[in-house]
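There are 2 protein chains.
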Amino acid sequence: MSSQAATLDATDPLAAYRDAFDLPPGLIYLDGNSLGALPKAAKDAVSQTVEMEWGHDLIKSWNSHEWIKLPETVGEKIAPLLGAAAGQVICADSTSVNLFKLITAALQLRPGRIKIVSQVDNFPTDLYMAQGVVEWLGADRAQLVTASAEEMIDNIDGDTALVMLTHVNYRDGKVHDMARITQAAHEQGALMLWDLSHSAGSMPLALDVLGVDFAVGCGYKYLNGGPGAPAYVYVNRRLQDKVTQPLYGWMGHAEPFRFSSTYEPAEGVWRFVTGTPSVIAMQALSAALDMFSTIDLAQVRQKSETLTTWFIDCLADCPDLELISPIRPAERGSQVSFHHPQGYAIVQALAAAGVIGDYRDPDILRFGFSPLYTSYAEAERAARLLRDILNAQTYLEPVFQVRQTVT
Amino acid sequence: MSSQAATLDATDPLAAYRDAFDLPPGLIYLDGNSLGALPKAAKDAVSQTVEMEWGHDLIKSWNSHEWIKLPETVGEKIAPLLGAAAGQVICADSTSVNLFKLITAALQLRPGRIKIVSQVDNFPTDLYMAQGVVEWLGADRAQLVTASAEEMIDNIDGDTALVMLTHVNYRDGKVHDMARITQAAHEQGALMLWDLSHSAGSMPLALDVLGVDFAVGCGYKYLNGGPGAPAYVYVNRRLQDKVTQPLYGWMGHAEPFRFSSTYEPAEGVWRFVTGTPSVIAMQALSAALDMFSTIDLAQVRQKSETLTTWFIDCLADCPDLELISPIRPAERGSQVSFHHPQGYAIVQALAAAGVIGDYRDPDILRFGFSPLYTSYAEAERAARLLRDILNAQTYLEPVFQVRQTVT
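Residue numbers (the numbering used here), protein chains in the order written: chain A, 2 to 408; chain B, 2 to 408.
Calculated directly from the structure, the hints in this document are not laboratory data. Small disclaimer: the values here were computed from a predicted structure and weren't measured. Do not take every clue at face value.
The list makes no distinction among identical chains, and a pair is therefore deemed to hold if it is satisfied within one copy or across any two copies.
[Stated by the list, open to error] Pairs of lysine-lysine residues, derived as DSSO-like cross-links and limited to a Cα-Cα distance of at most 30 Å, are as follows: (1) 175 x 243; (2) 70 x 243; (3) 175 x 61; (4) 243 x 41; (5) 70 x 41; (6) 61 x 41; (7) 243 x 61.
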């Protein structure tokens, strides 16, 4: 380890959080932007939920352990990470399903407007959900228009109901300018929906201040809620009582235990809840979120910028790696991506050497840096191993084929 | 315990399965039709999933532990419980969200027909989801028509796209005649959707033989998959490639890892999958389902009928309790419901005495009998305690207020 890495780690105000996670000894895990590591508190919460709440207290737990309130209690733990005051975030379903709710809600709030504008390189499931809405409602009621990041704003016009975009691009890690794009949408009378899956928990966000209308995100990346953790929905308070969404489930009913045969939407953001969520999954995420109550997100962002910069600097002497993430720290999320024609084989070779990165077609090496559990020494060691592999071209040897799959 | 109960228990071919569950000692749990008890195998599977798969193997588990296949592998474990050949059941989302997929699919398969016919006393969330579809598509494209159980069939006509019904009614436990109603729907060219939440796992089903088109159900009642366990979708093979559903999530894409910006539905029933499921919840359900591989559902149904009959017989001398479940065992699911004007207070008093039943507005006492872990001796003891409470009117005393909530 260099003295520089040692100094950076010694002065890292977040260093103590590493101990809050169960990570395999010796492994350098640079894929927390795909699946966050296991918080010890989540492990304990799952045991408690299964053995005591489900196993012992059984059906009573809906009340005695407040399972019934979980969409709200977990949502309220997420809210500060988004810069959202209370009463605007609920935890429910998957990001995909939540996108469907909000895309349809936007069309309802902007009658007469049919355009949904997004970026052609938006995360695929975001585009798919918009396509599903468009095909379901018909071209006379909804249309999806996609453009490059540069041209997207030019496509927002008086026929645009919704602009939807992922805040941090999953391939290159570029951070979109939330203030500017939100303002551009609003200037045309359109609503703005941000997918925060690749940013929440890794940087401060300011949905309320920027007047964002809608947001979604997943619980399993920087929030560390576990594989396939429930997702969340943000609906700005000013819109909540003006709109519903078509997935009229019992948990979003005004009086779910009246067992009325007619749907009546709950007050506020609860109407964006649909069916019964996995309680075990909710409790894991809930426990994972608790650590954020003592964390300063400005420090997280500061470390994220320094850590990714450090990793890039450690690879400055690798001419074959083409950095595709923005070189300016303020413009990238907590990830670093490179082009390399042998990207897939290199990620395999790195995994064999104890460094878990990620690969995305066609030739992208992607490294996520979770400031809560990744050290500067690890970033340096990962860079050195990557450099060694590139220099020795060991990635051309057959390696154990594990293809990382899920973003 | 009576000698009759002792004999019934001694000759119960399913008695050994009780030991597969973690149940609190001394508690008589008659609410498995709302939340199934904890299988020991599910507890172990959750620990394994959290500690080894998530904690240790991290992102690699999507492949090495086949997380990516879970919707299918869990679905295939459910299929035999439904009388479904392979390739027709996937596990995903909640029952509510799955209803939305299938209601919209039915309208797509029957262009020109707009009626969705159901029973006015169908489970509320089923009706709500249909109402959501109707309100979003507009009355010219979809309408919901509800009628009493008796009159429902008369409402099915040449304008009916879909008939949807819960197989076992959640209040009175009446089993609807799946063969007759499915045939009535088909005779009018309509599709048939069954909600099996209150029947799967407690009786044999025969979706393929009856030519049922669609089915949904939850994983947390007789399947014992844990609170809010993922739900499932059955789509008859003959329909799978003719239809999509509007929730175009990445997991239902033909090539999810190509990250194409255009949705293309996966082959077969996979196109009914949407976003990333909770892996922990899926693995709990998966482990819970394993016990069914050695279980004869005909024996389960036989015990269910005998057990509920035994409970009813033990209460024959309680004139104040009005049985609302069918008296003929073949006509009821694995539950027994009574009217009593003090139903809520009685269920509370029973809980204080160690018997967990359930209450439903306005005055229904509901007792579920899970044949895998409920004994005849327990049914007898529960009946005796209920009779004692009724005779002594102890339910009129203040009791600890725990209101059971979730069906």
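Going down the list of hints, with the structure as the test:
{"no.": "1", "hint": "175 x 243", "verdict": "neither (34 Å within a copy, 40 Å between copies)"}
{"no.": "2", "hint": "70 x 243", "verdict": "within (23 Å within a copy, 40 Å between copies)"}
{"no.": "3", "hint": "175 x 61", "verdict": "between (47 Å within a copy, 25 Å between copies)"}
{"no.": "4", "hint": "243 x 41", "verdict": "neither (41 Å within a copy, 47 Å between copies)"}
{"no.": "5", "hint": "70 x 41", "verdict": "both (23 Å within a copy, 27 Å between copies)"}
{"no.": "6", "hint": "61 x 41", "verdict": "both (26 Å within a copy, 20 Å between copies)"}
{"no.": "7", "hint": "243 x 61", "verdict": "neither (35 Å within a copy, 44 Å between copies)"}
The structure does not agree with the numbered hints 1, 4, 7 stated previously, though it agrees with the rest.
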